[in-house]
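Q: So the protein lines, in turn, are chains V and U.
Here this note's numbering runs 12 ahead of the position in the first sequence, where the first position is 1.
Here this note's numbering runs 116 ahead of the position in the second sequence, where the first position is 1.
Here are the simulated EDC-like pairs of lysine to aspartate or glutamate, each with C-alpha atoms no more than 16 Å apart in a straight line:
{"#": "1", "chain 1": "U", "residue 1": "LYS191", "chain 2": "V", "residue 2": "ASP20"}
{"#": "2", "chain 1": "U", "residue 1": "LYS189", "chain 2": "V", "residue 2": "ASP64"}
{"#": "3", "chain 1": "U", "residue 1": "LYS189", "chain 2": "U", "residue 2": "ASP159"}
Calculated directly from the structure, the hints in this document are not laboratory data.
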Amino acid sequence: MSQDVNRDYFWRTRGNTLEVLKLKRSGSAVKNDGSLSPNRDELIYPDESVDDGVRVEYTAFVNPFVSADPNVLATGDTNETTWTNPDLTPVTSPTETTHVNLNRLLSMAVVSYIKAMVSELKGDLKAKEYYLREFWKRVSDAESNKRMVSMSFPTSPFAVR
Amino acid sequence: MTILEMMERSGADSTNLTVSWIRDAFNMIESNGGDTSKVKKQDLVSGTRDYNLPADLMALSSVSILDTKDGNKYKRISRLVFDPLVTEDA
Numbered sequence: 013m014s015q016d017v018n019r020d021y022f023w024r025t026r027g028n029t030l031e032v033l034k035l036k037r038s039g040s041a042v043k044n045d046g047s048l049s050p051n052r053d054e055l056i057y058p059d060e061s062v063d064d065g066v067r068v069e070y071t072a073f074v075n076p077f078v079s080a081d082p083n084v085l086a087t088g089d090t091n092e093t094t095w096t097n098p099d100l101t102p103v104t105s106p107t108e109t110t111h112v113n114l115n116r117l118l119s120m121a122v123v124s125y126i127k128a129m130v131s132e133l134k135g136d137l138k139a140k141e142y143y144l145r146e147f148w149k150r151v152s153d154a155e156s157n158k159r160m161v162s163m164s165f166p167t168s169p170f171a172v173r
Numbered sequence: 117m118t119i120l121e122m123m124e125r126s127g128a129d130s131t132n133l134t135v136s137w138i139r140d141a142f143n144m145i146e147s148n149g150g151d152t153s154k155v156k157k158q159d160l161v162s163g164t165r166d167y168n169l170p171a172d173l174m175a176l177s178s179v180s181i182l183d184t185k186d187g188n189k190y191k192r193i194s195r196l197v198f199d200p201l202v203t204e205d206a
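Work the whole structure out from these sequences, hints included.
A: Here it is in structure tokens:
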């Protein structure tokens, strides 16, 4: 029976291995002379077995190509309350009509990436660098779109405008 | 966006090469935060420190342990920043 797992367990990675360790809380001990020893907390191997006890969440290469447009509602944009997302079937052997499973902005980022690779094939390394910068700029734009954080700074009355 | 549209926008003329580049770009996007996530679970075993990371892992988002005394919920655990002094190292 595991409890207080968020306080007692820790993880770290070593190569392709996930190490899980448990904090054994021992507190201070009374020495023979009556004084208190320092805190004796220590990390030990897990001392209990739990079925499906370790859960790992990660990003992976998941279905890059799909059969339908992932950016269009399956029911059409006609009703505010009754709508469903498209049913995306993975495509293992993509053709020119296959959709890329990314939102519009990330798709534009991929276009920049392809432009960079085309430029590299032509030997135009300056253009390649430019398009790779565009690629990362669009990837970061897509990421910041999900964060919903805006920052504003007051302008100093003595600022040069 | 379809592969054909990407080819037209970028001036690429080889479908196979474009598909490979799309896979590369997809990899780079996923390894930097990514758009999709997966979950894998495995048994916690008494006396065992080492567990397998999924072979298809690109970026680790979180590690959780099942708390059987709190409604069987998975709770995120913290990452060790420093090398620990492990007292039961086999």
